[in-house]
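Taken in sequence, the protein lines are chains A, B and C.
The numbering of the first sequence is the numbering used here, which starts it at 163 and goes up by one.
The numbering of the second sequence is the numbering used here, which starts it at 163 and goes up by one.
The numbering of the third sequence is the numbering used here, which starts it at 163 and goes up by one.
Derived from the structure by calculation, the hints contain no laboratory data.
Some clues are possibly wrong.
Stated by the list, open to error - Covered stretches of chain A (in silico footprint by chain C; criterion: 3 or more residues with CB under 8 Å from a CB of chain C, positions within the stretch not fixed):
no., region
1, 168-181
2, 233-241
3, 482-493
4, 523-535
5, 541-555
Claimed, not checked - Reference excerpt, derived from the structure (chain A facing chain B, CB under 7 Å, subset only):
no., residue
6, SER337
7, TYR573
8, ALA608
9, ARG609
What the hints assert, rightly or not - Straight line, CA to CA, 20 Å or less: simulated SDA-like cross-link-like pairs of lysine to any residue:
no., chain 1, residue 1, chain 2, residue 2
10, C, LYS491, B, ASP515
11, A, LYS630, B, GLN237
12, A, LYS286, C, GLY613
13, A, LYS491, C, GLU510
14, B, LYS286, A, PRO516
15, C, LYS286, B, GLY615
16, B, LYS491, A, ARG506
17, B, LYS491, A, PRO542
18, C, LYS630, A, GLN237
19, A, LYS491, C, GLY615
20, B, LYS286, A, GLY615
21, A, LYS286, C, HIS270
22, B, LYS630, C, HIS270
23, A, LYS630, B, GLY238
24, C, LYS491, B, HIS503
25, A, LYS630, B, HIS270
26, B, LYS491, A, PRO507
27, B, LYS630, C, GLN237
28, A, LYS286, C, MET614
29, B, LYS491, A, PRO516
30, A, LYS286, C, GLU616
31, A, LYS491, C, ASP514
32, A, LYS491, C, ASP515
All residues carry an ideal CB built from backbone N, CA and C; glycine is no exception.
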Amino acid sequence: MSAAWNLPENRYFDPDPAVQRVALEIFAEIEQLPIVSPHGHVDPRLFSDPQSSFGSPAELLIIPDHYVFRMLYSQGMSLESLGVPRQDGGPVESDHRKIWQRFAEHFHLFRGTPSGMWLAYEFKFILEVDEILDGENAQRVYDQIAERLASPEFKPRAAFERLNIEVLATTDAASDSLAAHAAMRESGWRGRVIPTFRPDAVVNLDTEGWARQLESLRKASGVDVHDYGSFLAALENRRAFFKDMGATATDHAVVVPRLAELPEAEAQAIFNKALTQGSVSAAEAARFTGHMLVQMARMSCEDGLVMQLHPGSFRNHNPSVFDIFGRDKGFDIPVQTEYTHNLRPLLEQYGDDPRLRLILFTLDETAYSRELATLAGAYPALRLGPPWWFHDSWNGMRRYFDQVMETAGIYNTAGFNDDTRAFLSIPARHDVWRRAAANWLAGLVARSVVGMGEAREMAQEMAYRLPKRAYRLDGDA
Amino acid sequence: MSAAWNLPENRYFDPDPAVQRVALEIFAEIEQLPIVSPHGHVDPRLFSDPQSSFGSPAELLIIPDHYVFRMLYSQGMSLESLGVPRQDGGPVESDHRKIWQRFAEHFHLFRGTPSGMWLAYEFKFILEVDEILDGENAQRVYDQIAERLASPEFKPRAAFERLNIEVLATTDAASDSLAAHAAMRESGWRGRVIPTFRPDAVVNLDTEGWARQLESLRKASGVDVHDYGSFLAALENRRAFFKDMGATATDHAVVVPRLAELPEAEAQAIFNKALTQGSVSAAEAARFTGHMLVQMARMSCEDGLVMQLHPGSFRNHNPSVFDIFGRDKGFDIPVQTEYTHNLRPLLEQYGDDPRLRLILFTLDETAYSRELATLAGAYPALRLGPPWWFHDSWNGMRRYFDQVMETAGIYNTAGFNDDTRAFLSIPARHDVWRRAAANWLAGLVARSVVGMGEAREMAQEMAYRLPKRAYRLDGDA
Amino acid sequence: MSAAWNLPENRYFDPDPAVQRVALEIFAEIEQLPIVSPHGHVDPRLFSDPQSSFGSPAELLIIPDHYVFRMLYSQGMSLESLGVPRQDGGPVESDHRKIWQRFAEHFHLFRGTPSGMWLAYEFKFILEVDEILDGENAQRVYDQIAERLASPEFKPRAAFERLNIEVLATTDAASDSLAAHAAMRESGWRGRVIPTFRPDAVVNLDTEGWARQLESLRKASGVDVHDYGSFLAALENRRAFFKDMGATATDHAVVVPRLAELPEAEAQAIFNKALTQGSVSAAEAARFTGHMLVQMARMSCEDGLVMQLHPGSFRNHNPSVFDIFGRDKGFDIPVQTEYTHNLRPLLEQYGDDPRLRLILFTLDETAYSRELATLAGAYPALRLGPPWWFHDSWNGMRRYFDQVMETAGIYNTAGFNDDTRAFLSIPARHDVWRRAAANWLAGLVARSVVGMGEAREMAQEMAYRLPKRAYRLDGDA
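Please work from the sequences and hints to get the whole structure.
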């Protein structure tokens with residue numbers, strides 16, 4: 163017989179009774195708050211077509227989720243055997259029950275991992291599966307889930323409403339038509355799903371297929387991009403369009419966050435070289451990206467869109483996986499990231515500007531206490547985003563609270579992002595965050611660092627109000 | 163109605179009863195020990211003039227304290243509105259009640275921060291204010307504090323004695339006349355306030371106004387500094403004077419702690435260039451500073467002054483704040499700091515010398531377990547200073563105990579420094595340290611890592627004896 | 163009267179009753195498992211000669227143990243006074259009772275350190291000394307231990323069996339004859355002591371005495387090494403010999419783990435330069451080492467030997483100690499270590515190869531959550547070794563569990579290595595690891611992260627099965 167999930171109401175909290183009692187009390191006050199999801203990668207088409215569905219259990223939980231399949235891959239399973247599509251359309255496992263069986267037989271790999279926590283939540287509380295998945299019950303559980311997914315309450319729009327999501331931001335290329343968002347609006351559906359402006363593919367001149375991306379930008383903006391000046395104009399045009407479509411934020415990835423403006427002539431020259439020669443050197447591309455991120459800050463001052471910076475990920479580290487399967491396949495590996503020197507040119511220009519809101523993320527936890535908390539605790543333009551990606555975990559949150567809050571204070575942080583493409587993991591991830599916040603605050607109360615009244619207010623901030631304010635989701639700054 | 167401070171005797175300790183009981187027992191034995199404050203930035207003139215005072219409540223707690231006003235600034239308040247003086251003498255808020263009101267209305271920003279802990283202690287135990295400051299009670303509390311500050315027991319000398327400070331070291335420029343220290347001596351007051359020799363302004367050739375600083379050194383030493391050799395002689399002269407005035411230590415700041423001697427000719431050439439041309443390159447200045455710090459180690463071997471090294475702070479990160487308000491305004495941001503390679507040249511020369519005592523600090527906590535504990539656990543000349551600045555906090559101390567002590571052992575550490583310019587925060591900071599030490603030791607006892615007798619001895623060391631020995635405050639090494 | 167050791171069965175566990183109860187239950191199931199020691203530095207001659215002995219108490223616990231004497235040295239004792247032999251044969255303390263007395267009088271330096279924990283275990287449970295060592299009881303304890311060491315059950319072979327060691331790997335130069343291992347085999351003794359192939363001395367061209375080392379390799383292999391090709395052949399020859407003698411693994415040290423293949427012609431040229439000119443530049447040596455480590459990975463794919471990488475130690479940091487006493491004298495200091503960029507060339511070639519098993523170690527804990535867990539959680543060839551050296555400690559293990567396991571999962575880790583040259587510390591170190599693992603798992607159970615059944619299985623893995631599989635000690639992959 164398979165084991166039952168053990169997910170009691172006091173799960174994850176410190177076992178110490180003095181802490182746990184307070185944690186439960188605080189958590190009870192925030193558990194049911196609406197979910198604010200200001201940054202993530204859910205596909206908006208799930209909601210634009212009222213008839214869309216989550217697909218098979220394998221399509222819901224394995225095939226698109228690099229958190230899940232990279233762990234299986236690390237233990238010797240091929241991505242083909244897990245149904246991950248090849249870019250060349252070559253054969254991969256198409257029997258979703260076989261994929262599911264493989265997953266189930268290796269479900270122990272997720273013990274103690276955040277994916278294990280999220281999946282437990284999804285199985286138990288959303289999909290109403292009572293047993294821990296294993297090789298024996300795999301097909302039975304598959305049937306159960308498939309049945310649920312076929313029911314009307316598991317249509318994505320119904321799920322969105324049932325899961326109490328107040329607002330969900332997607333992440334969209336600068337050239338995206340936002341047709342899915344428009345379709346949602348036009349359908350009269352009242353779920354708030356807003357776009358986020360992510361221009362990486364045109365701003366990073368060494369993006370694979372940059373010329374094609376630029377062509378898409380030309381079409382989307384209607385601006386004839388033929389030089390640096392018209393490039394800026396096209397971006398401004400698209401920002402205005404995104405804002406009109408409900409966006410409140412932009413998002414930017416960069417390996418080394420060296421945000422420094424170039425002399426205008428140099429920026430023009432590099433851009434022209436990319437236009438005319440089709441490529442620039444890696445150093446030129448890096449300098450241009452850093453320059454463009456300062457332009458983005460300037461535009462944020464002008465249009466009020468909140469700027470997000472996600473630095474320090476070495477993308478597609480495994481070239482053979484990248485060649486066969488493409489990007490986002492579990493091989494984005496963090497690198498050491500420096501902020502104090504690198505952000506200074508941008509902060510010199512805009513760090514004191516009350517119009518700018520720049521939300522910083524990191525994959526390098528060593529920056530928490532050393533650089534990020536000290537910068538965010540001083541510059542008015544800055545807020546710190548929550549623990550990101552590999553650090554979006556119980557211990558990652560604990561380390562974040564521990565290393566950030568004393569210096570930055572909670573009011574210079576931005577609450578939680580789920581940052582997920584796995585829609586059903588949204589409530590699971592917010593559940594972990596709210597529990598972690600409640601537990602942290604309970605520890606402060608139990609040690610008389612703050613009083614219970616203060617902790618209650620702080621819990622409301624961390625679970626709900628901070629992200630709304632940080633991302634200007636109420637229209638306020 | 164405003165809330166009352168909740169500062170029970172068991173505050174901050176682990177809530178686990180087995181730990182807390184032992185922590186209370188250990189803390190009771192060290193709570194009343196005299197305060198040894200071997201490094202800080204209190205103005206000695208507070209004590210040289212028997213009639214000096216702490217000023218208004220805003221002058222006591224807000225205007226001079228960059229820990230406090232940088233947090234308010236980070237949330238959008240201008241420094242002018244907080245009464246921080248402009249260098250050009252331009253207008254800033256002069257109504258201290260308005261400044262106080264602003265502070266009070268944003269007092270929630272300090273929740274969970276070390277400043278919040280220190281202020282709570284100062285309000286409750288020193289200023290005898292029972293309510294948590296807020297917008298409603300702000301003016302009432304202002305009156306209360308103003309009344310206290312007007313009373314004789316709040317004259318600085320009286321406060322020094324009442325707060326049980328055994329010794330307080332100030333930090334003083336190489337060219338300082340130490341007139342305030344002399345006045346104290348001459349007045350017959352028995353408080354022990356000693357100077358510390360900090361020659362950064364002349365040793366770092368790129369100090370703003372270096373020529374002026376050098377001129378001051380000439381005057382103070384009576385040495386006609388006209389070349390590198392006479393520069394060394396002037397410094398030796400001043401060290402002897404400081405030592406005569408009670409100093410037991412020197413202190414040195416540097417961004418990158420590359421402590422390596424130059425060929426004598428190169429040192430001479432760089433110094434001459436600075437003298438004759440008025441400036442040197444950044445690289446030359448850095449090399450010269452590294453060279454001079456080795457000279458300081460050599461002089462320490464000769465005169466027995468303990469050498470302190472505070473590396474890794476990017477000073478005045480915000481240029482507009484620096485231009486308007488000057489240094490020490492909350493914008494000193496830590497940078498990654500390397501010790502293993504950088505300290506090696508100095509350690510090669512003096513690391514085994516029994517005459518040298520070099521106390522190392524860091525703003526980069528990653529160096530604790532990797533470099534600092536391993537170096538201090540091997541070289542006899544080294545001791546590790548306590549968690550510094552942003553890390554002078556409950557969690558910062560916990561991380562320090564956790565990451566340093568297993569490898570270095572407590573006997574290669576130097577106890578606590580409050581390192582503050584806010585005089586009333588001295589007992590508050592030592593209270594946090596003593597609680598943190600007691601709590602850490604209680605955890606060791608509860609887990610049978612050390613016995614109760616051992617923990618008691620270790621507590622005496624950490625609260626009192628280690629800093630006295632490390633700083634040679636008893637005259638012993 | 164001296165104090166008695168306090169080493170209760172619940173030692174080191176969290177004092178929280180809910181955690182401690184579970185920890186005790188889990189620990190009881192793994193405490194008696196056989197010891198698997200797949201990496202360490204015990205001298206195999208202890209076991210090849212049935213009449214060998216551990217020597218005097220000072221020879222057992224002080225003179226050869228750099229963990230111990232570097233702490234005493236850091237507090238001002240000379241290595242000569244501790245009996246550490248000089249390379250020139252010059253005089254050092256030869257009265258082992260005096261050395262012992264010195265150690266005993268400073269035994270408090272080890273409070274709260276891992277050495278303190280291990281020594282406590284060895285004194286109490288192996289040597290059956292009931293008192294904590296101090297200056298008063300030093301000679302009495304010396305007598306007791308000397309008596310034990312003279313008894314038959316303290317012959318190394320008898321101790322090996324009594325301590326329940328299933329397998330012990332030594333670390334041996336590429337040119338080692340493995341005569342001691344052969345003698346063990348031939349003697350019919352059934353203890354499993356296997357060699358590990360460590361070719362650093364010939365692979366690192368800047369090794370002191372490299373030409374001599376190469377000559378030893380020629381002799382040992384019977385290969386006339388006259389160029390790069392014959393060098394590779396000699397190494398392959400030795401690997402085959404080691405494998406035949408029971409080795410399942412190789413081991414490699416490098417400061418900067420830049421593992422990148424050179425063009426064949428460049429590798430040949432650098433090697434020829436070393437052969438003909440006797441030396442190469444530091445940069446050439448570093449490039450060649452990085453190249454050779456890729457060759458080692460290629461050979462591992464071919465012969466199945468598990469590859470271990472121990473990077474990031476700045477060896478012999480103190481030149482005067484090195485000159486007088488030689489290597490391994492407590493002055494190997496960690497440096498910052500980068501893995502994401504540096505390992506990529508190797509991983510590009512072999513990271514997906516099911517034949518390769520590469521076990522990574524670090525002295526830079528910042529790499530745990532940022533680089534090592536993310537790499538090991540993705541590449542099938544990788545496993546993470548346990549906390550190494552300074553991090554082989556209670557808190558080091560806690561940080562490792564905390565920072566590695568959520569992202570890598572326990573199944574991408576390799577259990578424990580004691581990595582010691584102090585034979586009696588082997589059971590002490592495994593005791594700490596097993597307690598730390600039990601305590602960590604108990605924390606997961608108490609917080610409902612995993613169930614008790616899962617925790618039990620994980621404990622068996624962490625204490626016994628993971629290292630056997632990772633090091634292919636059962637012949638399986």
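Outcome of the hint check:
no.	hint	verdict
1	168-181	holds (count 10)
2	233-241	holds (count 5)
3	482-493	holds (count 4)
4	523-535	holds (count 4)
5	541-555	holds (count 3)
6	SER337	violated (35 Å)
7	TYR573	holds (5 Å)
8	ALA608	holds (4 Å)
9	ARG609	holds (5 Å)
10	C:LYS491 with B:ASP515	holds (18 Å)
11	A:LYS630 with B:GLN237	holds (16 Å)
12	A:LYS286 with C:GLY613	holds (15 Å)
13	A:LYS491 with C:GLU510	holds (15 Å)
14	B:LYS286 with A:PRO516	violated (35 Å)
15	C:LYS286 with B:GLY615	holds (19 Å)
16	B:LYS491 with A:ARG506	holds (16 Å)
17	B:LYS491 with A:PRO542	holds (14 Å)
18	C:LYS630 with A:GLN237	holds (16 Å)
19	A:LYS491 with C:GLY615	violated (32 Å)
20	B:LYS286 with A:GLY615	holds (19 Å)
21	A:LYS286 with C:HIS270	violated (53 Å)
22	B:LYS630 with C:HIS270	holds (19 Å)
23	A:LYS630 with B:GLY238	holds (18 Å)
24	C:LYS491 with B:HIS503	holds (18 Å)
25	A:LYS630 with B:HIS270	holds (19 Å)
26	B:LYS491 with A:PRO507	holds (19 Å)
27	B:LYS630 with C:GLN237	holds (16 Å)
28	A:LYS286 with C:MET614	holds (19 Å)
29	B:LYS491 with A:PRO516	holds (19 Å)
30	A:LYS286 with C:GLU616	holds (18 Å)
31	A:LYS491 with C:ASP514	holds (14 Å)
32	A:LYS491 with C:ASP515	holds (18 Å)
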